[in-house]
Amino acid sequence: MWAHRTMIKSSNDDTPFSLTYGTEAVIPGEIGMPIYRTTVVDAVHNDEELRINLDLLEERRERAAIHEAKAKLKMIKYYNARVRGVTFRPGDFVYRTNDTSMP
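For the sequence shown, the residue numbers in the working numbering are 124 to 226.
By construction, these hints were calculated from the structure, which means they are not laboratory data.
Using N, Cα and C, we set each Cβ at its ideal position, and we do this for glycine too.
No incorrect hints appear here.
Simulated restraints, written as ranges between beta carbons of each label pair:
hint	residue 1	residue 2	range
1	Asn169	Glu191	26 to 32 Å
2	Val167	Lys193	37 to 43 Å
3	Arg184	Tyr218	43 to 49 Å
4	Val209	Arg183	42 to 48 Å
5	Leu177	Asp136	16 to 22 Å
6	Arg212	Glu147	57 to 63 Å
Using the sequences and the accompanying hints, generate a full structural model.
Okay, here's the thing in structure tokens:
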């Protein structure tokens, strides 16, 4: 589940975690390790930066919604280019299944 929430989605170019909380996720194992993401954090300015991220969160969500709409239109265009319409006339033979008679 964690991998799903922290992986960038191609439909909106963002992670579900960042669209929900306004910040990038830090893996719990990284918190105790001295890596760049955890050592650079300035405790004094961190709260203000989080507030700024939350203020910009709605804009990021709107951009993600626009990007998802474009991805959806792209899928619709792809589908419509490959689907064929089939019309039947009276007397044509068609294959039907009867699900009610299945054991």
